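Whenever a hint applies, use it, and build me the whole structure from the sequences.
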Amino acid sequence: MVKHKHYRPPGKKKEGNAARYITRSQAVKQLQVSLPLFRKLCILKGVFPREPKKKVKGNHHTYYHLKDVSFIQHEPLLERLREIRAYERKVKKADAKKNRDRANLLRQRRPTYRLDKIILQRYPNFIDALRDLDDCLTMVHLFAALPAIEERIEVKRIHNCRRLSHEWQAYISRTHKLRKVFVSVKGIYYQAEVKGQKVTWLTPHPLQQVLTEDIDFNIMLNFLEFYEALLAFVNCHLYRSINVKYPPILDPRLEALAADLYALSRYFDANSRSAVLDPQAPSLSGSGNVESQQIGDSVSESELRLAQLQHQLPSNEPGALMHLVKDVAGEEEEDDDTRECKKLFKDMKFFLNREVYRESLLFVIPAFGGTVSWEGDGAPFEENDESITHQIVDRPMHGRQTLARQYVQPQWVYDCINARIILPTGGYLAGRDPPPHLSPFVDNEAEGYVPDYAETIKQWKAAGRSEVLPLPGVGKEDLEDPQNLLAEGVIDRAKAKEAVEKKKKMMALEKQYHDELNKELHGVPHSSSVTNIDNHISGKETEDKEEFDDDSELAKLTLTRKKRGKLEAIEKGIKRKKDHIDVIRERKRKLRESQKSKEG
Amino acid sequence: MFEVQPYVDWFKWDDSKHPLSNAPEPKRRFIPSKSESKLVNKIKLAIRKGLIKPKKPKEEEEEEESVYPLWGDDSNSAGKNDHLSYIPAPKPKLPGHEESFNPSLEYIPTQEEINSYQLMYEEDRPKFIPKRFTSMRSIPAYENAVKECFERCLDLYLCPRVRKKRLNIDPESLKPKLPNRNDLKPYPVSCYLEYRGHGDAVTSISVEASGQWIASGSLDGTVRIWGVETGRCLKHWKIGEAVKYVSWNPNPEHSILAVSTGQDVLLLNTGRGNEEVQKSTKELLSVEMPMPDDSGKTASSVSWLQDDQLEGIRLRHSKTVTSVEWHRKGDYLSTVMPADILFAHIYTYFYIIYYFKHDTDGFRAIFIHKLSKKFTQTLSFKLQGPAVTSVFHPTRSFFFISTKKIIRVYDLVKEGKLVKKLETALREISSIAVHPSGDHIIVGSGEGKLCWFDMDLSSKPYKTLKLHQKDINNVSFHRSYPLFATCSDDCTAYVFHGMVYSDLNQNPLIVPLEILRGHSSTNGRGVMDCKFHPRQPWLFTAGADSVVRLYCH
Numbered sequence: 001m002v003k004h005k006h007y008r009p010p011g012k013k014k015e016g017n018a019a020r021y022i023t024r025s026q027a028v029k030q031l032q033v034s035l036p037l038f039r040k041l042c043i044l045k046g047v048f049p050r051e052p053k054k055k056v057k058g059n060h061h062t063y064y065h066l067k068d069v070s071f072i073q074h075e076p077l078l079e080r081l082r083e084i085r086a087y088e089r090k091v092k093k094a095d096a097k098k099n100r101d102r103a104n105l106l107r108q109r110r111p112t113y114r115l116d117k118i119i120l121q122r123y124p125n126f127i128d129a130l131r132d133l134d135d136c137l138t139m140v141h142l143f144a145a146l147p148a149i150e151e152r153i154e155v156k157r158i159h160n161c162r163r164l165s166h167e168w169q170a171y172i173s174r175t176h177k178l179r180k181v182f183v184s185v186k187g188i189y190y191q192a193e194v195k196g197q198k199v200t201w202l203t204p205h206p207l208q209q210v211l212t213e214d215i216d217f218n219i220m221l222n223f224l225e226f227y228e229a230l231l232a233f234v235n236c237h238l239y240r241s242i243n244v245k246y247p248p249i250l251d252p253r254l255e256a257l258a259a260d261l262y263a264l265s266r267y268f269d270a271n272s273r274s275a276v277l278d279p280q281a282p283s284l285s286g287s288g289n290v291e292s293q294q295i296g297d298s299v300s301e302s303e304l305r306l307a308q309l310q311h312q313l314p315s316n317e318p319g320a321l322m323h324l325v326k327d328v329a330g331e332e333e334e335d336d337d338t339r340e341c342k343k344l345f346k347d348m349k350f351f352l353n354r355e356v357y358r359e360s361l362l363f364v365i366p367a368f369g370g371t372v373s374w375e376g377d378g379a380p381f382e383e384n385d386e387s388i389t390h391q392i393v394d395r396p397m398h399g400r401q402t403l404a405r406q407y408v409q410p411q412w413v414y415d416c417i418n419a420r421i422i423l424p425t426g427g428y429l430a431g432r433d434p435p436p437h438l439s440p441f442v443d444n445e446a447e448g449y450v451p452d453y454a455e456t457i458k459q460w461k462a463a464g465r466s467e468v469l470p471l472p473g474v475g476k477e478d479l480e481d482p483q484n485l486l487a488e489g490v491i492d493r494a495k496a497k498e499a500v501e502k503k504k505k506m507m508a509l510e511k512q513y514h515d516e517l518n519k520e521l522h523g524v525p526h527s528s529s530v531t532n533i534d535n536h537i538s539g540k541e542t543e544d545k546e547e548f549d550d551d552s553e554l555a556k557l558t559l560t561r562k563k564r565g566k567l568e569a570i571e572k573g574i575k576r577k578k579d580h581i582d583v584i585r586e587r588k589r590k591l592r593e594s595q596k597s598k599e600g
Numbered sequence: 001m002f003e004v005q006p007y008v009d010w011f012k013w014d015d016s017k018h019p020l021s022n023a024p025e026p027k028r029r030f031i032p033s034k035s036e037s038k039l040v041n042k043i044k045l046a047i048r049k050g051l052i053k054p055k056k057p058k059e060e061e062e063e064e065e066s067v068y069p070l071w072g073d074d075s076n077s078a079g080k081n082d083h084l085s086y087i088p089a090p091k092p093k094l095p096g097h098e099e100s101f102n103p104s105l106e107y108i109p110t111q112e113e114i115n116s117y118q119l120m121y122e123e124d125r126p127k128f129i130p131k132r133f134t135s136m137r138s139i140p141a142y143e144n145a146v147k148e149c150f151e152r153c154l155d156l157y158l159c160p161r162v163r164k165k166r167l168n169i170d171p172e173s174l175k176p177k178l179p180n181r182n183d184l185k186p187y188p189v190s191c192y193l194e195y196r197g198h199g200d201a202v203t204s205i206s207v208e209a210s211g212q213w214i215a216s217g218s219l220d221g222t223v224r225i226w227g228v229e230t231g232r233c234l235k236h237w238k239i240g241e242a243v244k245y246v247s248w249n250p251n252p253e254h255s256i257l258a259v260s261t262g263q264d265v266l267l268l269n270t271g272r273g274n275e276e277v278q279k280s281t282k283e284l285l286s287v288e289m290p291m292p293d294d295s296g297k298t299a300s301s302v303s304w305l306q307d308d309q310l311e312g313i314r315l316r317h318s319k320t321v322t323s324v325e326w327h328r329k330g331d332y333l334s335t336v337m338p339a340d341i342l343f344a345h346i347y348t349y350f351y352i353i354y355y356f357k358h359d360t361d362g363f364r365a366i367f368i369h370k371l372s373k374k375f376t377q378t379l380s381f382k383l384q385g386p387a388v389t390s391v392f393h394p395t396r397s398f399f400f401i402s403t404k405k406i407i408r409v410y411d412l413v414k415e416g417k418l419v420k421k422l423e424t425a426l427r428e429i430s431s432i433a434v435h436p437s438g439d440h441i442i443v444g445s446g447e448g449k450l451c452w453f454d455m456d457l458s459s460k461p462y463k464t465l466k467l468h469q470k471d472i473n474n475v476s477f478h479r480s481y482p483l484f485a486t487c488s489d490d491c492t493a494y495v496f497h498g499m500v501y502s503d504l505n506q507n508p509l510i511v512p513l514e515i516l517r518g519h520s521s522t523n524g525r526g527v528m529d530c531k532f533h534p535r536q537p538w539l540f541t542a543g544a545d546s547v548v549r550l551y552c553h
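In order, the protein sequences belong to chains A and B.
With the first letter of the first sequence counted as 1, position 292 gets the number 292 in full-length UniProt numbering; the numbers rise by one all the way through.
With the first letter of the second sequence counted as 1, position 504 gets the number 504 in full-length UniProt numbering; the numbers rise by one all the way through.
Source of the hints: derived by calculation from the structure; they are not laboratory data.
Just so it is clear, the structure is predicted and the values come from calculations on it, not from any experiment.
A portion of the hints provided could be inaccurate.
What the hints assert, rightly or not - In silico DMTMM-like cross-links for lysine to aspartate or glutamate, where the CA-CA straight-line distance does not exceed 20 Å:
| no. | chain 1 | residue 1 | chain 2 | residue 2 |
| --- | --- | --- | --- | --- |
| 1 | A | K180 | A | E359 |
| 2 | B | K177 | A | E571 |
| 3 | A | K577 | A | D443 |
| 4 | B | K175 | A | E553 |
| 5 | B | K466 | A | E568 |
| 6 | A | K590 | B | E112 |
| 7 | A | K556 | B | E172 |
| 8 | A | K198 | A | D134 |
| 9 | B | K164 | A | E51 |
| 10 | B | K91 | A | E193 |
| 11 | B | K91 | A | D132 |
| 12 | B | K93 | A | D132 |
| 13 | B | K53 | A | E83 |
| 14 | A | K186 | A | E359 |
| 15 | A | K45 | A | D128 |
| 16 | A | K577 | B | E311 |
| 17 | B | K127 | B | E112 |
| 18 | B | K93 | A | D135 |
| 19 | A | K578 | A | D385 |
| 20 | B | K238 | B | E311 |
Structure below.
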């Protein structure tokens, strides 16, 4: 008899990985469900394949833990889904027999299921749910921007997604939890800090999304189903935590005007802890007038959002003394970060031009304590309001400009938020090419390369810390001459020293560059590593480096093979990073050269 | 339930000749339908039993859907989950500067770079090419937004998850804590002198016991003697055949140099030292007659001849001699003839070919010669495989013989009893050296590895270091300083600090000190030999580039 590879004598139980893990087809068979249903159950229950140490059935299978499968097996939802399947057959049968009455009767009694128990099972604590919220938010925000497709995505779900995302944003904005914003090609990334958890999500740009055919919407909708339920419960919890009743009871009049979001905001405001006095009364009535104008489908939800967010920020309304007192009492529980964020755009009034992407700015500006209005219906204040400090413009300016306010591009707002200071508007003025928009998620020092503009912002920040804000218009050009800055009293002595040193270094670099140019002119071969500028400045450093190299090589000799392998892997990673940065440095050098040649 | 349309009488009654039917109306048209009453009864029963429920108003349904505070106010109320541990999915990577709609210009690749991406493998190709838009209004919709979301979904439910420890260690922490090199001074650091004169690769060098002179043998068939500090060539012999090995007699009372060339070993008078030394040397180096030895075995393989031309003794062997080692007292001399050519005797008999190794090459590979008696002895050790090198123990009567993989230690006094067998786990041993204390051995191998054996500890190496890219040609210990060195075909010599403690519980300390470079590669060979100065922490290296170098501290 030929013994099998995994031969087990009869009567002996399976052990180890063979007993603990089963393949997907085995799991489907055991659960007696179809594959799509199994997928749905996995998605809802959060069951995922696991990697056994030894793959008994082969490498090309996915393995589920037996406990995970029995976890699904004991789920009441499984029975419920089976019922739904039976029910759908009944409807189909009735339809096929042209028994329309029965079909209609059945359709009215569609079995439903709820996910609350599953959510509680998956996330026993609220913090757990917050930790897993990134994907949920991204997906809900994406679907809020998708068009409804017949037989695939229902209008109802999209509306629900939109509602949920607005509820979330309203909470974040009101409690000033937003920390970072990054406008990328893929969309806008937001990062908020809720209960100590960093929640990052991506919203797509407000344009028609591309739907390709190679996407299985069933899977996405299964996820969305769970995420909708989760976000609703999370929102509920968060709203309760600031003493606002969650399932908002909407004003029927506003609801009739399709202004449910606005109604929500009013409700939100009326229930909040600080709603003793109503300082928004004038603005409320103002927007109430507007509402009557915006009947029908043309209602812009961003406008509604604005109204909503407006009402969430009572503390920033001038003269609301009572609220200030209230907020001071409440501030004790707020951390420094929140307080800092709250004050960023304090006493600033923004006006958004027609072409600006409103929804994002209406969310972001109030989150950092600013007041905002826009061109169009429902605006709390008009463009000709004297107290407007900044007007956000996203096109070349032609019309007349008011001297009292600054016309800046929307990028300025985002950059201010990431830098946590009010940046000088010089580079961002309408019609100009703005300075680069940098990602707030990158640790420049760890990465090994600091872009110029990050350096500049850092200096502005340092200047800001010494309680003297740089004058608007102090740009990069001014930094080059530290004496000038000193004269203006913008930076302190140490800073000046630093700047002088920097300038010296730059001059050394320049000199070296000229020397090299001269050499090149005289036909001397180019030195091999031009990018390694620091080494050229002093020859001593190169020697040091060589010695260090030798040292590290020697230390490596006595390592065991395992440790050496690890070390080599680490060094490989470091080298890859360094190569990437070298490419960037090289590009920068070339850019600078070409710029110089253009100038000269 | 059954809606009846008002009856429309289409029939024209007026013109018909005959009545259609004159039959009276049947009874069933006057009594209620039985089947209908059955159906009604069924529905009635179902309603009574509660099987059919009246339709609920819509608002009520939505009421049921509503959310409620799921988590209690204190969120740590939930008990311990007895289910398997939940492995959270890794979060998507956060975007860097290059994903910005308006990145710094240096992040945008040039057109050439974008074109060069096409030459890359698809997996290596960057998935995202940064672009710059001068205003937010000009950012287009991202075409992969839905697709990326979908792929993330697939990852979430299809990818097997496993907890892996992220390798987030400081590379410096992996390196062992070694003492500072500066504390271990002196050791050879830089090239101080070069001895030039040979016409071809220098294969071997040897330092005189007092450290005043060195001898070097080269492939060009010459042996030269140099003054160590002057760098001058004091004497040279033309032997005519490539010199494999030179070895200076350790006894300061003789000035004899053993040179192996081809099948011969020459014992030459170097002419160094005072008159007394010269006298005793000359006495030693005189063979009256080709002595007919009593033991026929030895006589057949080695013969002692007087070489008048070179003023020395010529020991003629039957095969090529590769290494010559002196006993510490300078009277005994061992020679090794590695049979790197396999002796295959081929017998052709009925078309069957047998190959087998010469039985005796293991036995006759090593000879020990006694200089004072001009006597040669064969050691009948059973080695499995050809012998590579042999060394005398510096203090005891032990004798080390290495084959390609194994080192055997014999006791010469007890008539060649095998004392120890050291398994190196190397593929090709090229050289061995014994620590002056005699308890430690270093072994260099063809794969660039160095093994350190602690004889008292085990028959397995205490430490194996992968050092060189190419073959190690030679290893050597310093006689007094705790130093050892290796030299290799990759044109480098490594110097180590190898401290041996008298306390048996303390392991020897091995610290790499210096990589000595300077030799250049010739015909694929690098540094052929390295020897320490007997008194100073100096290292001599012989290169294939026909130069001998002296490295000083």
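- Are the Cα positions of K180 (chain A) and E359 (chain A) separated by 20 Å at most? With a Cα-Cα distance of about 16 Å, the restraint between K180 (chain A) and E359 (chain A) holds, given a limit of 20 Å.
ask   = Taken at face value, is the distance from the CA of D128 (chain A) to the CA of K45 (chain A) at most 20 Å?
value = holds, 15 Å
Given the hint that K556 (chain A) pairs with E172 (chain B), test it: the Cα-Cα distance must not exceed 20 Å. holds, 10 Å
What's the verdict on K177 (chain B) and E571 (chain A), does the C-alpha distance respect the 20 Å limit or exceed it? Given pair K177 (chain B), E571 (chain A) holds - Cα atoms ~19 Å apart, limit 20 Å.
Does the structure keep K590 (chain A) and E112 (chain B) at a Cα separation of 20 Å or less?
-> holds, 13 Å
Going straight from one Cα to the other, do K577 (chain A) and D443 (chain A) come out at no more than 20 Å? holds, 13 Å
Problem - K91 (chain B) paired with E193 (chain A) [C-alpha distance capped at 20 Å] - result: Answer holds: K91 (chain B) to E193 (chain A) is near 16 Å, not above 20 Å.
Checklist entry - Is the Cα-Cα distance between K93 (chain B) and D135 (chain A) 20 Å or less? => result holds, 12 Å
Given pair status - E568 (chain A), K466 (chain B), alpha carbons within 20 Å: OK: K466 (chain B) and E568 (chain A) at ~14 Å, within 20 Å.
Note to self: So if I understand the rule, the pair passes when the alpha-carbon distance is 20 Å or less; does K198 (chain A) with D134 (chain A) pass?
What the structure shows: holds, 9 Å
>> Holds or violated: K578 (chain A) and D385 (chain A), Cα atoms, limit 20 Å.
In response: violated, 52 Å
Given the hinted pair K164 (chain B) and E51 (chain A), is their Cα-Cα distance within 20 Å? Status holds; Cα separation ~11 Å.
The structure is inconsistent with the numbered hints 16 and 19, although it conforms to all the rest.
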